[in-house]
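Chain residues, written in single-letter form:
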Amino acid sequence: MVGPLDRDGDTAPFLDGTARGEFLLRRCPQGHWSEPAASTCTACGSVELSWAASTGDARLVSWAVTHGRPDGDTPPPRHVLAVVELDEGPWWWTSLVAADPEALSPGIPLRVEFARAAEQYEAVPVFRPV
Amino acid sequence: MSGPRDVAAGRRPVIAGLGLTDVGKVYGRSAQQFAADAVRLAVADAGLQMSDVDGLLTSSGVTRGVAMSLQRDLGLTDLALLSEMQAFGATAGAMVQMAALAVQSGTASVVACVFADDPLKEGKTAGSAYGTRRAPSGWGGLMGASGYAGPNPLYALAARRHMQTYGTTTEQLGAVAVAQRDWAVLNPLAQLRTPMTLADHAGSRWVVDPFRKLDCCLVSNGGAAVLVTTAERAADLARPPVHVHGWGQAHPGRLLKHSEDFGLVTGAVASGAKAFAMAGLTVQDVDVAELYDCYTYTVVVSLEDYGFCAKGEGGPFAASGALGPEGTLKLNTGGGQLSSYYLWGMTPLTEAVIQARGEAGERQADAHDIVLVSGNGGILDHHSTLILSPHPVSGGAA
Numbered sequence: 001m002v003g004p005l006d007r008d009g010d011t012a013p014f015l016d017g018t019a020r021g022e023f024l025l026r027r028c029p030q031g032h033w034s035e036p037a038a039s040t041c042t043a044c045g046s047v048e049l050s051w052a053a054s055t056g057d058a059r060l061v062s063w064a065v066t067h068g069r070p071d072g073d074t075p076p077p078r079h080v081l082a083v084v085e086l087d088e089g090p091w092w093w094t095s096l097v098a099a100d101p102e103a104l105s106p107g108i109p110l111r112v113e114f115a116r117a118a119e120q121y122e123a124v125p126v127f128r129p130v
Numbered sequence: 001m002s003g004p005r006d007v008a009a010g011r012r013p014v015i016a017g018l019g020l021t022d023v024g025k026v027y028g029r030s031a032q033q034f035a036a037d038a039v040r041l042a043v044a045d046a047g048l049q050m051s052d053v054d055g056l057l058t059s060s061g062v063t064r065g066v067a068m069s070l071q072r073d074l075g076l077t078d079l080a081l082l083s084e085m086q087a088f089g090a091t092a093g094a095m096v097q098m099a100a101l102a103v104q105s106g107t108a109s110v111v112a113c114v115f116a117d118d119p120l121k122e123g124k125t126a127g128s129a130y131g132t133r134r135a136p137s138g139w140g141g142l143m144g145a146s147g148y149a150g151p152n153p154l155y156a157l158a159a160r161r162h163m164q165t166y167g168t169t170t171e172q173l174g175a176v177a178v179a180q181r182d183w184a185v186l187n188p189l190a191q192l193r194t195p196m197t198l199a200d201h202a203g204s205r206w207v208v209d210p211f212r213k214l215d216c217c218l219v220s221n222g223g224a225a226v227l228v229t230t231a232e233r234a235a236d237l238a239r240p241p242v243h244v245h246g247w248g249q250a251h252p253g254r255l256l257k258h259s260e261d262f263g264l265v266t267g268a269v270a271s272g273a274k275a276f277a278m279a280g281l282t283v284q285d286v287d288v289a290e291l292y293d294c295y296t297y298t299v300v301v302s303l304e305d306y307g308f309c310a311k312g313e314g315g316p317f318a319a320s321g322a323l324g325p326e327g328t329l330k331l332n333t334g335g336g337q338l339s340s341y342y343l344w345g346m347t348p349l350t351e352a353v354i355q356a357r358g359e360a361g362e363r364q365a366d367a368h369d370i371v372l373v374s375g376n377g378g379i380l381d382h383h384s385t386l387i388l389s390p391h392p393v394s395g396g397a398a
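Heads up: the sequence lines are chains A and B, in that order.
Okay, so the first sequence: first residue is 1 according to this note's numbering, each after it adds one.
Okay, so the second sequence: first residue is 1 according to this note's numbering, each after it adds one.
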C-alpha cells in the first residue's frame, strides 16, 4: 500500500517518530506548529524549530482517487490520496486506508497509523477514517 | 512598477518573431535540437539574422534538456544576456518579462526566449514521462512512498476542493474540454482535431478522480521561441510587431503547507492585477484569452481569478456556452494544452502571438486588440501574466 522509503538527513528525525508510532511536527519557541518539512515557522518566521509529537488526529481537506488500468474483468484497483489537516493546524499529503471513496466529505475525522512497504523500509504515515 | 509606459515609445518591448517546430509525436530530435530549430525559425520569421540576437533565455521542460550551451549550437557570440530560466509553467511569460525589461533598459536589443521538451519516447506511454516516482528518500521520497507520482494527483486534490466548495461538476469540466476541442478542430497545428462531445468526456477513463483522461493536457515533443525587441527596432522588420502592454508574476509559496486558498484561489489574482494595472486595462478589455490549461479545472479557476466570472462561478460559466468558437469569450483559441500541443507556457503564448497578428485563419477571433496570456506552474504555485496587442502602447513617456 505504501512505497519503499529510506531515510536521509532531512527526514531522519521525522522517521524516528514514525518508527515509534508518532507523527511529529515542527514547533517554534512561541508554540506555533509547522509542517514536518518546514525549516522556518509558518506563523512567525522563527528558525528555532524543534520536533514535537502531534495527537495524530486530523480532518479531511481534499481527496483524489487513483484508478489503475483495468486488467481483464478485474475492476481496476482504487487508491485514495488525501490532504489532511492535523488538529494542530499543519496540512499533510497522504493516503487513506479503509476509506470508501463514495463516503468521504470535507472535515470528516481521521487518525494516523503507520505502514511499511517491507520490513527493511521506513514507516510511512497513512490516515484512516474514525 | 515601471512598465512600457515609463520609457520612450521607441524603447517599448514588442514580440517581433515567432518560431514553432513540429510538435507532438515527433521523434529523433532532442530538446536542445528543437530549441535551436525554434530560435532559427523565430529569427527567420522576424526577418533578422542570427547575428542580430544578443540575448538568449532558455527554458526546459520535464526532460530538462535545454542548456545554456544552446548559445554555441546557434553560433551566437558576444551575447549581452544569457540565462536559463525556470518557473515551471509560468516560465514563458517570465522570459518575455525578463526580455522586455532587458530591451527597454538597453541591456540587450534582440532577445530570443525559447522552450523545448522531448518527453515522448517512441514506444513508451506519455504517462511514463511525467508519472515517475521520486527518489526513495527525502521529503519527496516520502510523498512518493505515500502514493504520489507526478502532478496529476496534486491537481486532482486541488480540483476536488474547488468542486466541494463551489459545487463545480465533472460535466462543467467537460464543457471546457469540449469547447477547446471545437477550437482545435479549426487549428492545423493541433494534435487532436476530431470533434468530441460531453459524452466522450464522460466516457473517457479515470486518470485520478475527479480527472478523466479528457481533463488532462497532452504530452508533446517540440520547441517554441519568440523574439523580443524594441518597438523602434521592430518597425522595419518582416512581421507586424505584437506589443507587450503589461506583465506580472505571483509566486504564493504555499505549496504543501496549510493554505486556505488551496484549489480555490491561485497566483493569477495577483499576477493578473499587476499586468492589468501596468497596461491601464481591465478584464473587460480582453478580446482573446489564452489561459494555461494543464487541466480543465485550471481553466475554471483561472477564469475566476482573472475576473471573467465571479469566484466559484467558473464551472457554470464554462457550461453556459460562453466558451468555444461560437461563445462570447474567445478562450484558448488553438485548442490549448488539452487539444493542440503541450509546450508548457509556450502553448498560450504562441497562440496569443498568432491571434494578435490576425494570422489564425479559420480560428481567428474577429476582435483581437487585447490578448491575455497566462502561465501557471508547479501546483498552482507560480503564475505569470502578459497583456499583448497589435497596437502600440499609447501615452506615457515621450
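It should be emphasised that the hints constitute simulated quantities derived from the structure, not laboratory data.
Some hints could be false.
What the hints assert, rightly or not - Incomplete in silico selection of chain A near chain B, CB under 8 Å:
1. VAL47
2. ALA64
3. ALA117
Yeah, the Cβ is synthetic: ideal placement off N, Cα and C, and Gly gets one too.
(message) Does VAL47 (chain A) hold up as a contact with chain B if the rule is Cβ-Cβ below 8 Å?
(response) Since chain B brings no Cβ nearer than about 16 Å to VAL47 (chain A), farther than 8 Å, the hint is violated.
(request) Please verify that hint: ALA64 (chain A), Cβ, nearest Cβ of chain B, below 8 Å or not. (result) 4 Å, holds
(message) A closest beta-carbon separation below 8 Å is what the hint needs, so does ALA117 (chain A) meet it against chain B?
(response) 7 Å, holds
In summary, the one numbered hint that this structure violates is 1.
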